[in-house]
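Trainee: Below, each chain spelled out in residue letters.
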Amino acid sequence: MSFFGLFKRSEPLPATAPVARERLQVLLAHERGSPRNSSKMTALKEDIIDAIARHMLVKPEAVKVKIDRRAEVSILRIAVDIPA
Amino acid sequence: MAKVLVVTSGKGGVGKTTSTAALGAALALNGQKVVVVDFDVGLRNLDLVMGAERRVVYDLINVAQGNAKLSQALIRDKRLENLALLPASQTRDKDALSEKGLARIIRELRTLFDWVICDSPAGIERGAMMAMRHADAAIIITNPEVSSVRDSDRIIGLLDAKTEKAAKGERVEKHLLITRYDQARAGRGDMLKTDDVLDILSVPLLGIIPESDQVLRASNLGQPVTLANPLSAPARAYSDAARRLMGDNLAINVPLERFNLLGRIFGGRAA
Ligand SMILES: Nc1ncnc2c1ncn2[C@@H]1O[C@H](COP(=O)(O)OP(=O)(O)OP(=O)(O)O)[C@@H](O)[C@H]1O
Ligand SMILES: [Mg+2]
Chain A
23 MSFFGLFKRS EPLPATAPVA RERLQVLLAH ERGSPRNSSK MTALKEDIID
73 AIARHMLVKP EAVKVKIDRR AEVSILRIAV DIPA
Chain B
108 MAKVLVVTSG KGGVGKTTST AALGAALALN GQKVVVVDFD VGLRNLDLVM
158 GAERRVVYDL INVAQGNAKL SQALIRDKRL ENLALLPASQ TRDKDALSEK
208 GLARIIRELR TLFDWVICDS PAGIERGAMM AMRHADAAII ITNPEVSSVR
258 DSDRIIGLLD AKTEKAAKGE RVEKHLLITR YDQARAGRGD MLKTDDVLDI
308 LSVPLLGIIP ESDQVLRASN LGQPVTLANP LSAPARAYSD AARRLMGDNL
358 AINVPLERFN LLGRIFGGRA A
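Just so you know, the sequences run in chain order A and B. Heads up: the first sequence begins at 23 in our numbering, then just goes up one per residue. Heads up: the second sequence begins at 108 in our numbering, then just goes up one per residue.
Note that these hints are calculated values from the structure, not bench results. Glycine residues also receive a C-beta, built at the ideal position from the N, C-alpha and C atoms. Honestly, I wouldn't trust all of these hints.
Subject to a maximum C-alpha distance of 30 Å in a straight line, what follows is the list of computed DSS-like cross-link-like pairs (lysine-lysine) [claimed, not checked]:
no.: 1; chain 1: B; residue 1: Lys-110; chain 2: B; residue 2: Lys-140
no.: 2; chain 1: B; residue 1: Lys-140; chain 2: B; residue 2: Lys-269
no.: 3; chain 1: B; residue 1: Lys-140; chain 2: B; residue 2: Lys-275
no.: 4; chain 1: B; residue 1: Lys-269; chain 2: B; residue 2: Lys-110
no.: 5; chain 1: B; residue 1: Lys-118; chain 2: A; residue 2: Lys-88
no.: 6; chain 1: A; residue 1: Lys-88; chain 2: B; residue 2: Lys-281
Here are a few chain A residues that sit away from chain B, every Cβ distance over 12 Å (derived from the structure) [as the list claims (entries may be wrong)]:
no.: 7; residue: Pro-36
no.: 8; residue: Glu-53
no.: 9; residue: Asp-103
Whole structure, please, built from the sequences with the hints as guidance.
Mentor: Right under this line is the structure:
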């Protein structure tokens, strides 16, 4: 066994917190009915999904909106699976 | 002017009672006159955490029903003379606390204390609604975990709809207190980040209380953690939160939450 093998787990498990955040944002946007006060990003996400749905036939779950928060800027990523 | 605070969460077991006791004692240590009120009818526990369980004679419902005077039910803390407890009743009839009786008690408490801190029961039933009814401000207790955040969101909605302030078209002032914060989990990337919780709930942060054995030790001894071990990490975090409530502008120490190498290498063993 190598020296580092003493400390390292064989396979570090992937982080689960980002998934938790995504699920909460989507869920709460729905449970609130109308977006509450200043949760701007959640409201934005809802609007994007609505806008796309108006122009093409996609299931809501085919639209993925993600906000990556970085120290300097945040990045908004939108991915839509369009049926072939 | 007295301030009525409700400590609430929706979800059970997140640290409401612990926080009520710790904040109440911390405010009292700062010279404030404080009463902590247990609203968990049928499941009272604040008396135990405060170490006053053997001194309970009359309770909230006895006073609300006019069977005892407020002064007979209030239990003065043995350590801090400006800290008092109003215990909940152990009756199983949760409707025994009347709206009118409660309104009268809160009015009277406002004249006697600087802070009236209401420890809410879990859930969104009548007891939780009664605890928030007269609040000027709410401390929302949230663990950085999906079900707790969801329930907090629900409670925030109710604070904006079902309180006396809401009925008058005013707003209940809200503070978020993140409790049971686990540094090791954060390092592994398995705990919701503080920024994410704040963004989702959009309530300003009052403090972050770390997960700590000191909390258990303090409750075993029947002492608020801010009195049992004032220098411990949770006690300091609670003391700072109390000072922020009093208007002090203390910076909040948000732990480093980068999904970091150390966290990955040492996993659960770090911190
Ligand atoms: N920061 C902490 N570190 C470790 N343990 C904690 C912490 N905060 C609370 N606990 C423990 O969690 C348990 C639940 O805490 P507490 O009774 O304060 O929650 P609660 O929200 O009042 O629960 P309920 O909804 O049943 O009234 C207790 O055993 C308490 O000691
Ligand atoms: Mg409790």
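Trainee: Take the hints in turn and mark each one as holding or not.
Mentor: Now the hints, each set against the structure:
{"no.": "1", "hint": "B:Lys-110 / B:Lys-140", "in the structure": "holds, 11 Å"}
{"no.": "2", "hint": "B:Lys-140 / B:Lys-269", "in the structure": "holds, 28 Å"}
{"no.": "3", "hint": "B:Lys-140 / B:Lys-275", "in the structure": "holds, 27 Å"}
{"no.": "4", "hint": "B:Lys-269 / B:Lys-110", "in the structure": "holds, 18 Å"}
{"no.": "5", "hint": "B:Lys-118 / A:Lys-88", "in the structure": "holds, 27 Å"}
{"no.": "6", "hint": "A:Lys-88 / B:Lys-281", "in the structure": "holds, 28 Å"}
{"no.": "7", "hint": "Pro-36", "in the structure": "violated, 8 Å"}
{"no.": "8", "hint": "Glu-53", "in the structure": "violated, 7 Å"}
{"no.": "9", "hint": "Asp-103", "in the structure": "holds, 25 Å"}
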